[in-house]
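A.B. asks: Below, each chain spelled out in residue letters.
Number of protein chains: 2
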Amino acid sequence: MEISSLGKFGLIEHLTESLKTANSSTIQGIGDDAAVLEYHKTEALLSSRLLMEGIHFDLTYVALKFLGYKAASICFSDIYAMNAFPKQLTVSVGVSKRFSVENLDELFMGIEYACERHEVDIVGIHITSSLTGLCISAACVGEAGKEKIIYRKGAKKTDLICVSGDLGAAYMGLQLLEREKAVYQGEKDFTPDFAGKEYLLERQLRPEARKDIIELLAQNQIIPTSMISISDGLASELLHICKQSEVGCLIYEERIPIDYQTAIMAEQFNLNLTTVALNGGDDYELLFTVPLGLHEKIQALNGIQTIGHICDADEGAHLIARDGTYVPLAAQGWTTTDEDEMNR
Amino acid sequence: MEISSLGKFGLIEHLTESLKTANSSTIQGIGDDAAVLEYHKTEALLSSRLLMEGIHFDLTYVALKFLGYKAASICFSDIYAMNAFPKQLTVSVGVSKRFSVENLDELFMGIEYACERHEVDIVGIHITSSLTGLCISAACVGEAGKEKIIYRKGAKKTDLICVSGDLGAAYMGLQLLEREKAVYQGEKDFTPDFAGKEYLLERQLRPEARKDIIELLAQNQIIPTSMISISDGLASELLHICKQSEVGCLIYEERIPIDYQTAIMAEQFNLNLTTVALNGGDDYELLFTVPLGLHEKIQALNGIQTIGHICDADEGAHLIARDGTYVPLAAQGWTTTDEDEMNR
Chain A
543 MEISSLGKFG
553 LIEHLTESLK
563 TANSSTIQGI
573 GDDAAVLEYH
583 KTEALLSSRL
593 LMEGIHFDLT
603 YVALKFLGYK
613 AASICFSDIY
623 AMNAFPKQLT
633 VSVGVSKRFS
643 VENLDELFMG
653 IEYACERHEV
663 DIVGIHITSS
673 LTGLCISAAC
683 VGEAGKEKII
693 YRKGAKKTDL
703 ICVSGDLGAA
713 YMGLQLLERE
723 KAVYQGEKDF
733 TPDFAGKEYL
743 LERQLRPEAR
753 KDIIELLAQN
763 QIIPTSMISI
773 SDGLASELLH
783 ICKQSEVGCL
793 IYEERIPIDY
803 QTAIMAEQFN
813 LNLTTVALNG
823 GDDYELLFTV
833 PLGLHEKIQA
843 LNGIQTIGHI
853 CDADEGAHLI
863 ARDGTYVPLA
873 AQGWTTTDED
883 EMNR
Chain B
543 MEISSLGKFG
553 LIEHLTESLK
563 TANSSTIQGI
573 GDDAAVLEYH
583 KTEALLSSRL
593 LMEGIHFDLT
603 YVALKFLGYK
613 AASICFSDIY
623 AMNAFPKQLT
633 VSVGVSKRFS
643 VENLDELFMG
653 IEYACERHEV
663 DIVGIHITSS
673 LTGLCISAAC
683 VGEAGKEKII
693 YRKGAKKTDL
703 ICVSGDLGAA
713 YMGLQLLERE
723 KAVYQGEKDF
733 TPDFAGKEYL
743 LERQLRPEAR
753 KDIIELLAQN
763 QIIPTSMISI
773 SDGLASELLH
783 ICKQSEVGCL
793 IYEERIPIDY
803 QTAIMAEQFN
813 LNLTTVALNG
823 GDDYELLFTV
833 PLGLHEKIQA
843 LNGIQTIGHI
853 CDADEGAHLI
863 ARDGTYVPLA
873 AQGWTTTDED
883 EMNR
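Protein chains in written order, with this note's numbering: chain A, 543 to 886; chain B, 543 to 886.
For the record, the hints were derived by calculation from the structure and aren't laboratory data. Treat the hints with care, as some may be off.
Because identical chains share one entry, a pair is satisfied inside a single copy or across any pair of copies.
The list that follows gives simulated cross-link-like pairs (lysine-lysine, DSSO-like), each with its CA atoms no further than 30 Å apart [as the list claims (entries may be wrong)]:
| id | residue 1 | residue 2 |
| --- | --- | --- |
| 1 | Lys607 | Lys583 |
| 2 | Lys739 | Lys839 |
| 3 | Lys839 | Lys698 |
| 4 | Lys695 | Lys562 |
| 5 | Lys839 | Lys699 |
| 6 | Lys690 | Lys753 |
| 7 | Lys753 | Lys698 |
| 8 | Lys562 | Lys723 |
| 9 | Lys698 | Lys562 |
| 10 | Lys562 | Lys688 |
| 11 | Lys688 | Lys698 |
| 12 | Lys562 | Lys785 |
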């Protein structure tokens, strides 16, 4: 069905008719000039993201449902990284003429599914034309008690550096998709064999925001001193924490959590596995620091790995390689003039 | 200066170094995964907008400074239309390679100028690559006491329908710019003569969000029963109010406020002046209803025009033309399959 057959307002009605609100903080959702939210006892947190076709996603191999899910998830991840919970989402989409109502339905199915799983209300939808590619913009409001909020700036000397899940898988998933795209370019029946590599694809195509980790830490009375979402890559995010906390850090190459599928694919692609894990990006895992005294408590938790510790700022930020050498951490995005630098 | 020479994080630092926060509700601005806002005694309002190059603006005649100002202003306008005040803004920009640091400086100069004038804090900036055109996404958080918020749904039978400023000027400004662009296409020294038409250009290029009207109404203890920002056009917005308030309306052609420059240009372009005022769009004036008893009070105010009244839903929504005929109001965006329909 063509979008024009519904009209601008008919389209919004069509996309919103099944939406319900789940949160008491949502006073007014879609249907007015602005949404109205009530945060009288807690703080409101605001995150936003912009995803551009050809930069953040490639529609030749990304299903719209997954793309919607991912767009919402990465917004949620920024809220979880403050030790807060996402509550409201507003989404703006720029679409070209080739988009049908069914395409938009699929995109919003993914967004709504992510919102359901994370109990988030969609409080605004804007659809506009785009002369060229698809463009998705999302802003998320989250909630947390003032004393619960965790910033990037709270890391202290001797704190342990922890990371959830494993790293580099999303990046290897992307490499895999790009390779298959190149191989099958032009062939109509595009059915590459991804058997045994499902995990990598899932990490790239449908990342999960780590609500479970936030809940796990709370259940175990572990209060991180600093926290950040890993979107650009471990090295880059760790340098953010160091800069804002005015500290240095030391992490151990051998402790960086890496899935075996990631390792196998890095080998196949002749890529340095540690570089992939440090700079791959798109992981959306949580990187955080906890006081040294919580060492045993944090080690007992599944899905969290201690990878090093915080030191004085003048000691710098280093990776201790397997052979014992100190390698200065560098965020790809900081100094390179590589055009990929701007892409995340 | 090329953007890559600063790097992703250097660029954000460059753009944010001069920013200060003005509002006590801004607990944490730029520099973490999300902004932290405090709305303990008031409600938080959330609006968002997405502007795409070639759809919402044409960089051949729109200066980046004005574009930044406009992007912020239309977000603020949505907040004012709830009888609330904008407080925080987050901006995401997708830029192509041809963009320089100076270009971004200019764009943000406009955004910052609008924020200063409206006492709004910029609490988030994201810059990303775009394969094609410029794309600006903004989300604004505003503030109002719960009992102060005015929705679209509150209009009652016999209420007066009022509009601020004048209508159609922004649309005529756009026609003027498009005509000059077509005439001067290819010529290097593009200096068209816009003397005497400055008002139309200003309405199109640098619209003002009507904070002054919100303040004026408050000073005069006038509480509208419903309100909406005129972005798509008077007819379309009035139908939104009617639909959500479950009422009808009657407006008088002769009472629609139109600037003389708008009238002259419509004549030159051989356009129906009332159609321009009803459907032109991009006005960002406020449309609102007040109880009939406030008739004298509202008439005494400068810059506000009473254009008709609310009636029963079954009487429909009509314009009474100068010759006394009843013309059903239709929003261009509702039924047309014209491709322009999606463009605002």
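A.B. asks: Now tell me, hint by hint, if it's right for this structure.
C.D. replies: Status of each hint after checking the structure:
no. : hint            : result
1   : Lys607 x Lys583 : neither (35 Å within a copy, 39 Å between copies)
2   : Lys739 x Lys839 : neither (33 Å within a copy, 71 Å between copies)
3   : Lys839 x Lys698 : within (18 Å within a copy, 62 Å between copies)
4   : Lys695 x Lys562 : between (37 Å within a copy, 19 Å between copies)
5   : Lys839 x Lys699 : within (19 Å within a copy, 65 Å between copies)
6   : Lys690 x Lys753 : within (15 Å within a copy, 35 Å between copies)
7   : Lys753 x Lys698 : within (25 Å within a copy, 45 Å between copies)
8   : Lys562 x Lys723 : neither (39 Å within a copy, 47 Å between copies)
9   : Lys698 x Lys562 : between (43 Å within a copy, 27 Å between copies)
10  : Lys562 x Lys688 : both (28 Å within a copy, 22 Å between copies)
11  : Lys688 x Lys698 : within (20 Å within a copy, 41 Å between copies)
12  : Lys562 x Lys785 : between (42 Å within a copy, 20 Å between copies)
Hint check: violations occur at hints 1, 2, 8; the rest are consistent with the structure.
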